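There are 2 protein chains.
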Amino acid sequence: MEQEYLDQRLARESIDTIRLLSADAVEKARSGHPGTPMEAAPIAYLLFTRHLRHNPCNPNWPGRDRFILSCGHASMLLYSMLHLTGYDLSMDDLKHFRQLDSRTPGHPEFGHTPGVETTTGPLGQGFAVGVGMAMGARLLAARVHPELFDYRIYALCSDGDMMEGVAAESASLAGHLQLGNLIYLYLDNRITIEGQTDLAFSDETASRFLAYGWHVQHVEGENLKEIDTALGRAKQDSRPSLIIARTHIGIGAPHKQDTAEAHGSPLGSEELRLTKMHYGRDPDESFHVPEQVAGHLAAAKDRGRALEARWQEALHRALGDNNAGLAAWQQATEAGLPSEWQSALPRFSSEDGMLATRQASGTTLNALSEHFRLLLGGSADLAPSNNTALKKEGSFRPGMADRNIHFGVREHAMGAILNGLAHTPGLIPFGGTFLVFSDYMRPPIRLAAMMGLAPIYVFTHDSIGLGEDGPTHQPVEHLAALRAIPNLTVIRPCDANETAQAWRMAVDNRRGPTALILTRQKLPVLDRREHGSAEDLSCGGYILAREQGALDIMLIASGSEIHAALEARTLLQADGYGVRVVSMPCWELFDAQPKTYREEVLPAGGALRVAVEAGAGMGWERYVGTGGMVICMEGFGASAPAGDLMEKFGFTGKHIVARIKAAL
Amino acid sequence: MEQEYLDQRLARESIDTIRLLSADAVEKARSGHPGTPMEAAPIAYLLFTRHLRHNPCNPNWPGRDRFILSCGHASMLLYSMLHLTGYDLSMDDLKHFRQLDSRTPGHPEFGHTPGVETTTGPLGQGFAVGVGMAMGARLLAARVHPELFDYRIYALCSDGDMMEGVAAESASLAGHLQLGNLIYLYLDNRITIEGQTDLAFSDETASRFLAYGWHVQHVEGENLKEIDTALGRAKQDSRPSLIIARTHIGIGAPHKQDTAEAHGSPLGSEELRLTKMHYGRDPDESFHVPEQVAGHLAAAKDRGRALEARWQEALHRALGDNNAGLAAWQQATEAGLPSEWQSALPRFSSEDGMLATRQASGTTLNALSEHFRLLLGGSADLAPSNNTALKKEGSFRPGMADRNIHFGVREHAMGAILNGLAHTPGLIPFGGTFLVFSDYMRPPIRLAAMMGLAPIYVFTHDSIGLGEDGPTHQPVEHLAALRAIPNLTVIRPCDANETAQAWRMAVDNRRGPTALILTRQKLPVLDRREHGSAEDLSCGGYILAREQGALDIMLIASGSEIHAALEARTLLQADGYGVRVVSMPCWELFDAQPKTYREEVLPAGGALRVAVEAGAGMGWERYVGTGGMVICMEGFGASAPAGDLMEKFGFTGKHIVARIKAAL
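Heads up: the sequence lines are chains Y and L, in that order.
Taken in order, the first sequence gives residues 0 to 663; the numbers are from numbering that gives the first Met the number 0.
Taken in order, the second sequence gives residues 0 to 663; the numbers are from numbering that gives the first Met the number 0.
If you're looking for bench data, these hints aren't it; they were derived computationally from the structure.
Quick caveat, the model's predicted, so the values are computed rather than measured.
We put the CB at the ideal spot given by N, CA and C, even for glycine.
Residues from chain L that keep clear of chain Y, each with C-beta distances beyond 12 Å, as calculated:
#, residue
1, Ser89
2, Glu221
3, His247
4, Asp281
5, Phe286
6, Ala308
7, Ser338
8, Arg346
9, Glu350
10, Lys521
Here are the computed lysine to aspartate or glutamate pairs in the EDC-like style, where the Cα-Cα straight-line distance is at most 20 Å:
#, chain 1, residue 1, chain 2, residue 2
11, Y, Lys390, Y, Asp401
12, Y, Lys390, Y, Glu369
13, L, Lys94, Y, Asp643
14, L, Lys94, L, Asp283
15, L, Lys27, Y, Asp643
16, L, Lys300, L, Asp87
17, Y, Lys300, Y, Asp87
18, Y, Lys94, L, Asp643
19, Y, Lys27, L, Asp643
20, Y, Lys647, L, Asp100
21, L, Lys594, Y, Glu633
22, Y, Lys390, L, Glu260
Using the sequences and the hints, build the whole thing.
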């Protein structure tokens, strides 16, 4: 019976249909990647018909298995499968592949096409996001309900995933954590864009993954029985699984199979005709789905509905058991943030003495973690420095998922894993490292912003103020570089209370990622009886200290430089100038305010505008104009105690005053 | 004799001296990392006294072996070794560890301290830079002289190097290329900042490196004979070598050995006293170097002078053989760029039809490669798209170094390897990928800028103009993010001739990296009889088309948007407006011009200033002020044919005109 199923003609016809549908769409678009959908069709067929627990009628069923196309350029494979198995993606959608406003963009986009679990294309990202999804499932199983969240993560991977460092980092962590709910298939086609893979790559991939602690199998990419058996074994193994499938790019295309030409361009009309003939199809017919194939593949809908119905029943039973974790999860996923959670935020007093914003962040995070039982995260091996440890919680370890994640020295994987966790219903993930190492994780930050996922980044050691570690560790361009990313909210609080408010905004914003930019060095806690309220951080910028008398000078600053600006204000006021200090922790929030508010904070007129930030000045002209002044870092930092550096680079009250007086 | 040497008390005393000198300096600085210098002292001792071919009297001897401290936080180990073996680094320098303007910054900085081969600290970078250095040596051996450039690259690596993706990527490439001139020692101390390494890491490291094609050995970190033998075997093996040394962080510190506390803070005065007693030293004595030890270690100077003298003789003999490659190398390293090389630059005609700037770049690169025989590079598996292939040259393959490098799908490693190649005397390295993937390689770009190294980045597919691949592949924030890096020159030419000039500036600038930002889509070649000269690109910005009549509007643009700006100018002029178009391919070059020039190009006054660039608008306010207009991308792109996207996002002449008219 089993054997019969696999051998039957219908399976082969289905696979050929997937291949040709994908090649047709690429051909019609005159753009795209036909070769990989063709080689991977047998695997996709088996996954979507026999292994994935999915319900095409409800792509958001929380208990579903996840499928990731890590080789996102093979998007037509995924679109073909979604269409054929009954997701809300029509043949017309396929015919508009890669066209403006279609639901079938060049690479799969999360939130854009039903059934696309995560945005892929930049190589290695899908691989690593899947590791985060597997960790998310483990956390839900441990903290909410073991059976309801026993779903698996499948991914299709290509050579790029074997070569990219982010995949290596996350493979190492997945092996360490024994994520047996991870099943990846590697399309070993021996072809890259520049030619044969062995131009640049000769790893023994199986040995390497065994060294990471994975379960590894080899199959022939056209042998359904082998693939099916391997998938069955992978599900039984407690380690993450890699199935290495020897495949042939562009299989069946007489002149392009096994060549780089099959990768990134349409086959061409003549080659496509010949390919159709190779598969015994009418060369003049395009986008053809034989009726029997359509029915066979659409059966996924009934299977899916039944699977989900059983799961919903189980959920219903479990809710009846007064499972507090489950109730909290349901609240988080259905109702959003609980009301009144803000009351959990700590309040700091100016009598608390000096406090680094990273310390205030640690205090705030721990307070929030008691309120949000599905808030989890950690650091890329810098938890004691980033203050990211949840003190009352355990560690996420092999076989024991808990809320403190040890990402290891793997910033890039951390970024992608946070995306996988953010894809997991109910979770609020965060991750920390030094701000300078945000550079290691920009690709997943960008994808989070694009997908509208909301991980929270805890970036500490935010300027030359970190001191002795020197220029390799001192961020300069990083604030500007992060602010340039659309839909990323960057907040650099100036004291402990602004830090608590920054966390409030981060948790409240579930439509995009937030980066918290925090000091290593201690700072005063501002006395809010004398200054503007820290809660005004929600406006992005606000008047921290008003001018006495006429407004001559506006000092606009963020983070630790606020204190130098306040010092400068005192000195300048003593000389008779009217000086306003504007705290500007977040450009994105400020720019979103109504014009009237922005002009109230930064009134037009003749006052000299001076921006002060110990980072690259780029972009501050937005607020100071061509006539203003930007006091910033003009190059890289240096290694010395923080105070010496603030003197050297001019971020003290006295230096600011001197610069202003020279300009007046 | 051999055995005797290794066992002798002098070796042990030397090692203890290195340990305590390092711990003393950290203690005095009240900041730094004592644990790793202590554990690695035996290895450093053996390397610097018996294995490294180096000349402390001439740290720039081209034939020397290179030593990289990839775990840069252990900088005091390197400073101790440099001081003790006779480099120009005094005891007083050691006593000013991590102080302002000292020669002993927190992490080793290239160009700052004699004997520091590359800047390290951000983990994984040193590991990968060493791979580039080894490739550089192979290229020099193949193209200049085999014996003169048979030097080796040694590195000390820590857990971070085993976990970071950039190290994994470059290890894979090093194994593939069989770089037997690479000898790395991994300090397997089982401790990371968050605690035991096995919190996050359980790779079988030896198996993993065997899978990459490396030669792997295990040694005990205190056993000099074992280490010595392993180093000897590593030199004989044709594969890159990893020597895994089981070490003990903070060894000899009674309470802190083998704990994370020994990692990143001073031992503390009492613990340091106890450590000194453990080593049989006077606990009250600091920075103590026994006379015998001083003499023993300083013998490196005589050995080094003799080694270099033999090499210089060999060089002299080889030059006598009329070796053309060697003469060219000597010219490149001693005299700099040959005069008149600019004549090799191609000139493109407006009658050549449409040409993508990536195509013009390929043509220019190939023309230059005939002139510069030590220009080498490639792409991260996108050579056909980046137009980076040197058509008359062969590939860099195992056992056969040539000028076309296949980096594989490893952008991050490519960036670091380019730094290693740029450290190699005489070489001009370049590397290509899509602009969006510059995010994968920012850490090494930053280090190149900091070190003043001059690799050339060929970043193609520079905007939504790449079309169907969609938002995952369309850069938005990348221009801003690159422009924010100090000492990086970012050039986005608008046509073929500006592209040739951009290459001229890139080759000419040997004091920092240059990023060339190039289109996928075809663009007209501007008729320079009607427009400003492309050679004015050297000023960063110039008047491309002057206004007719009064100056009403200034359009400032770069790259492909220049053509939309010119179109807008035509339309606006027809309506009677005087419109100037300023081509602004490079902010860094423009900002470096005298004020008079900048004001000539962008005169003060009432004209409306409009910046047009299909990227994030951030920073353009520098040129348009608060009263101007920035026509830019406000979010991410989309998947569609390029023309449709330029319409949708408003980068056509008509859209620009409409925006301007609405504002006037």
